[in-house]
Amino acid sequence: MVVTRHTPSLRTHAGLPAEMEAGATASVEVRLTCADGCDLRGAVIELTTPQGEHGTCEVGWVEDPREGAQGANARFVVTAPASTGEAEWTVRFPTQSVSGVPHEEHALVLESTVVPHATSMAIWDVPSPLQGTEFAVRVGVKCATCCVLAGQVVQVLDEAGVVVGEGRLGAAPLAGTDALYETLVALRAPERPGMGSRRVICVPGDLALPHHGSSGTFTFRSLPPPEHTVTVRIVPEGTEASMADIEVRLGDYRAHTDLNGVARVGVPRGSHELSAWRVDIEPISSRLDVSGDAAVEVVAVPRRVVDEDAERWG
Amino acid sequence: MSKDTPPSSISRRDFVRTGATAGLGATALAVAKDPVAAESQQQAWDMTADVVIAGAGVSGLSAAVEARDRGASVIIVEQNSDCGGHGIVSGGRVNLGGGTSRQRRQGVEDSADAVFEYWIRPDDLESRFTDRDLTRVFADLSAETFEWMVANGVRFEDEVAGEDSRNGRTLQWPVYEELITSEPTRRGSGLVRALEKSARAKGAQILLQHSMAELVQDPGSKRVLGLVATTQGRRVRIRATGGVILATGGHTSNVQFRRMFDPRLTEEYQVAGEPYSKQTADGEIAAMKLGAAVWGTASQSMEAGNWISKTAHIGCQWGYSSLHWQPDSPIFDKIRASGLTNVNWQNCILVKQTGVRFHNEMDGGHDFFAACFAWSGDPNKLNGGGPIWAIFDADAVARQEWDPRPPNVDPDGWFFSADTLSELAGRIRNPYQTLRMQGSTLQQTVSRYNSFVDSGTDGDFGKPTPQYKIQRPPFYAAWSTPILHDTLCGLRVDTRCRVIDLQGQAIAGLYCCGEAMGGFPQHGLGRCSLFGRVAARSAAASA
Ligand SMILES: Cc1cc2nc3c(=O)[nH]c(=O)nc-3n(C[C@H](O)[C@H](O)[C@H](O)COP(=O)(O)OP(=O)(O)OC[C@H]3O[C@@H](n4cnc5c(N)ncnc54)[C@H](O)[C@@H]3O)c2cc1C
Ligand SMILES: [Zn+2]
Ligand SMILES: [Zn+2]
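Chains E and G, in that order, give the protein sequences. According to the numbering used here, the residues represented by the first sequence are 1 to 314, in order. According to the numbering used here, the residues represented by the second sequence are 1001 to 1543, in order.
Calculated from the structure, these hints are not laboratory results. Please note: incorrect hints may appear among the correct ones.
[As the list claims (entries may be wrong)] Chain E residues, not near chain G, derived (Cβ > 12 angstroms throughout):
| # | residue |
| --- | --- |
| 1 | L16 |
| 2 | M20 |
| 3 | G52 |
| 4 | S120 |
| 5 | K142 |
| 6 | V203 |
[What the hints assert, rightly or not] From the structure, some residues in chain E lie toward chain G, with a derived Cβ separation under 7 angstroms:
| # | residue |
| --- | --- |
| 7 | A122 |
| 8 | W124 |
| 9 | D178 |
| 10 | L180 |
| 11 | M195 |
| 12 | S215 |
| 13 | T217 |
| 14 | R221 |
| 15 | A255 |
| 16 | V279 |
| 17 | D307 |
| 18 | E308 |
| 19 | D309 |
[What the hints assert, rightly or not] Per the computed footprint, the stretches of chain G lying under chain E, defined by three or more beta-carbons under 8 angstroms from a beta-carbon of chain E, are:
| # | stretch |
| --- | --- |
| 20 | 1360 to 1372 |
| 21 | 1470 to 1477 |
For every residue, glycine included, the Cβ atom is placed at its ideal position computed from N, Cα and C.
One chain only, chain E, in its complex shape:
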C-alpha cells in the first residue's frame, strides 16, 4: 500500500515589520493549513531565531477574522537580536503525523532589518550670558525605547567644531519625562557681545544595544555688562492680585518682581523694550531709553477676556 503524505503549508498575513529596533519584540502569527483539509491543532512547529536558537510551539485554534473562519494558528513573539543588519527567523513544520496521517515538512522564513535605537535630544535653560562669563545649559537625551542612558557623554561644539564643553548624563531621568537623561554642561560666553550658536552631540556607547547618536543646536546672545539699574514697579489697576514674582524684561536683561511688585534690572545704556506678562494680566510693553539709573512705574490691568460673540456684532 502506498502511504500518501499530506502537504501542509505555513504563511503569515503581515510578516514581521520591515525594520525592528535591536532588542525590540514583535508578535507574529502564522497560519497552518493542510491541502487535504486536516485539522492540524496540536501539531508542533519549530522556530529558529537569527542567533540559531530553537524553540517549539503548539498550534492552537483561533478565530481569524481575516480568514473569515477558524483555523490552525500559532502566535510567537520574536525578539530582534542586539546586532544590526538583516535577520531571519525560520518557522518550520517538521515532518510529523497528525491524526495518524504523515505530513511533510514545510518551512517559512521571516525577515526583518535590525536597526539601532533612535535617540533624540533636548537643550534647555539656555541663558543670555554676560560676555566673557561662565554659563551652563542643560542637555537631555532620550532613547526611543527608553533605555537607561545614564553616564553617556554629551559634547558641545562651537561654530568651528571645537569641543567647548562636555557632560555625562545623570543617573535618573528628569522628573516629568519618560526617560530623558540629563546633564548640565558648563560653557563660556565669547568675549564680545552678540549671537552665538553651539552644536550638541551625543553618541551613546557601551550599551547592551546599539544606538544612533543624536544632536541639537542652540543659540544664545552674549550681552554687554549692565551699567545702570532700572527699578520697575508694577502697579496693579483694577485687580487685587499680588504683583510679586512677575518676570520683567528689558530686552535680554531680566529680573523678577519682589513682594512689592518691584524688579531691579541691570542694563547697559541705550534703548530697551520693557515687557512683562503673567496669565492674569494684560501684556505690558513699552520702550525705555536708559542713560542712568532710573525708576519707572508700569500699570498692570487684569486680563481682558475676549468674548468673540460680544465683539462681533455683525
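With chain E fixed as given, assemble chain G with the ligands onto it according to the hints.
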C-alpha cells in the same frame, strides 16, 4: 434609506393615535378643502399641519410661535434629541434695534431707516453684499421682533447699551438659562428656551429625532405638499397645507457644500456649535433639488463676518473662543476635552502638519486664516491647509498655569506630549494629519524660532519680539486649527421668505429662514428669529 421605499401605510387608527399622543390641535386633523388637499389625498400622509417646519433652532422656533399666533397648526421636525441648534450654545447677543422700547429707555436713538442704511453701506464688507430688499425687511421688523421676543418670555439683561448700540447691533443679552455648557456667557440658551416654551404653550408640536429627508412636491402643480422625515429608521410623511419652512441652519458642517464657496474649506476644519448640533445644508439641498437658487454667495467668501475663528482653547477638537466646554456639560462625552485656554501666542508657535511655521502667531485676521489654508506640502492634498498644531514646552505650561491632562486636553488625536521635540513630531496622529511630521523638521523649526528669541526679531514671519524659547521638556503639540462658524449665504428668498428658483419664480409652498437663507449675512440670532417670523406669516397665510 432608499428612494423607492413605498409610502408607509399607517392605518387610520395609528394616525389618530400619533396625532393624539402628540397633542395635535383640531386644525391639524381637520380635512382641508383646498386644492392642495385634493392633490395630496392620493398619497398617504402620516401627519398633517398647516405649517411644517424643519429645524427647531432659533429660526424654526420663532417661525413656530409666529405661525401659532396666526392660527396655523404647527409641526416641527428636529433631528437632534433637543431643541436649540447653534442658538443654545451661542453667546446670545441678539442683534436687533431700530428703536426698541429698551433703546428708548436707555436714550439710544435708532430707527428702521438707520438700520437699513447701516446694513447697505458700500464701505463695509459685511453690509456691501446684502440683498437690499431683505435688508429693508430686517430694518422694518427689527424693533418689532425685539418686543415680540419680550412678549414671548425672553428676559433680557439690562446692560446699558450705549452709543454702539444702534442700527440692529444692539447689546441685548438674554438671561442665561441652563447648562449645556456652564460658561455663563452662553446666554443664547435663555432665548432658545423661552421661545421653545412659548411655542409649546401655544400648541406647536415638536418631533425630536425626526430628520427631514426630502420634500414632497406635487408633480403637476410643483407645489410643495409636505416633507418626509425619518425617525429610527422609519419614514414619516408630514403634510403641510400652508407650507414647509426650511429652518435647518446653514451648511457649515457639510464639507462638499461649503467648498462650493471656498474650495479651501476641506474636512479638517471643525465647526463651532458641534457636537451639539450640525448644519449639514439639508434644507438647501432639498430645495435645490426642486430648482431653488442660492443667494448672496459673495457674503460667504467676503473675508469678514463671523464665519471662522482662531482657536482660543487648544488641544481639543472644538476650540471656538467664546465656547469653552466644561466637564459638567451633559454632552461632554461627545466633546471629550475643554482645551487649554487663554492662550498667549507668545507662549507657542504654530506649525503645519509638516512641522514648519507659516505665519506670525499673534495674528488672528484673514491673512492668518489664509496662511492656515495654504498648501501644507502634501502632494495628495492640494486643497485645505491641513492641521495646525501649537507647539510649546513645560515653561509655557507653567507660565500659562495650564494642567495639560484630561479633561483639559484630548490625547486621543488632538493633544500629544513627549520628552523631546523629535519624539513629539513622531507621535502626532490625527484623522486629518495626512503626513507624518518629521522630528528633524520640528527640531529645526524650533531651533530657528529660538534664535529669533535671542535676536529679538522673527526673521521669517515678523512675530513682534518673540519672547520665549521653546526648550524645556516635556514638549507639547495641541490642535489649533481654525474653527468654522456661521453660514453667511443660503437659499434665495423673496421678502416673504418664499424660496425662489433659478428662473426667479417662487416655489409654491416652500419657505426658508435662518442661516439656511441667503442675502442677509448678519451674525445670528436677530436675523434668524426675524426671518423665521416672516416665513411663518407667509406660510400661515396660505394655509
Ligand atoms: C458658539 C456660537 C456662538 C454664537 N453666538 C452668537 C451671538 O452671540 N449672537 C448671535 O446673534 N449669534 C450667535 N451665534 C449664531 C447663532 O447662534 C446662529 O446663527 C443661529 O442660532 C442659527 O439659527 P438657525 O435656526 O438658523 O440654525 P441652527 O441653530 O443651526 O438650527 C437648525 C436646527 O435644524 C436642525 N436640523 C438640521 N438639519 C435637519 C433636518 N434634516 N431635519 C430636521 N432638523 C434638522 C438642527 O439639528 C438644528 O437644531 C453663535 C453661534 C455659535 C455656534
Ligand atoms: Zn493533512
Ligand atoms: Zn535604547
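Hint-by-hint comparison with the structure:
no.: 1; hint: L16; result: 21 angstroms, holds
no.: 2; hint: M20; result: 16 angstroms, holds
no.: 3; hint: G52; result: 34 angstroms, holds
no.: 4; hint: S120; result: 4 angstroms, violated
no.: 5; hint: K142; result: 5 angstroms, violated
no.: 6; hint: V203; result: 16 angstroms, holds
no.: 7; hint: A122; result: 5 angstroms, holds
no.: 8; hint: W124; result: 4 angstroms, holds
no.: 9; hint: D178; result: 5 angstroms, holds
no.: 10; hint: L180; result: 4 angstroms, holds
no.: 11; hint: M195; result: 6 angstroms, holds
no.: 12; hint: S215; result: 9 angstroms, violated
no.: 13; hint: T217; result: 5 angstroms, holds
no.: 14; hint: R221; result: 4 angstroms, holds
no.: 15; hint: A255; result: 15 angstroms, violated
no.: 16; hint: V279; result: 5 angstroms, holds
no.: 17; hint: D307; result: 5 angstroms, holds
no.: 18; hint: E308; result: 4 angstroms, holds
no.: 19; hint: D309; result: 3 angstroms, holds
no.: 20; hint: 1360 to 1372; result: violated (count 0)
no.: 21; hint: 1470 to 1477; result: holds (count 5)
In the structure shown, a violation is registered for the earlier hints numbered 4, 5, 12, 15, 20, in ascending order.
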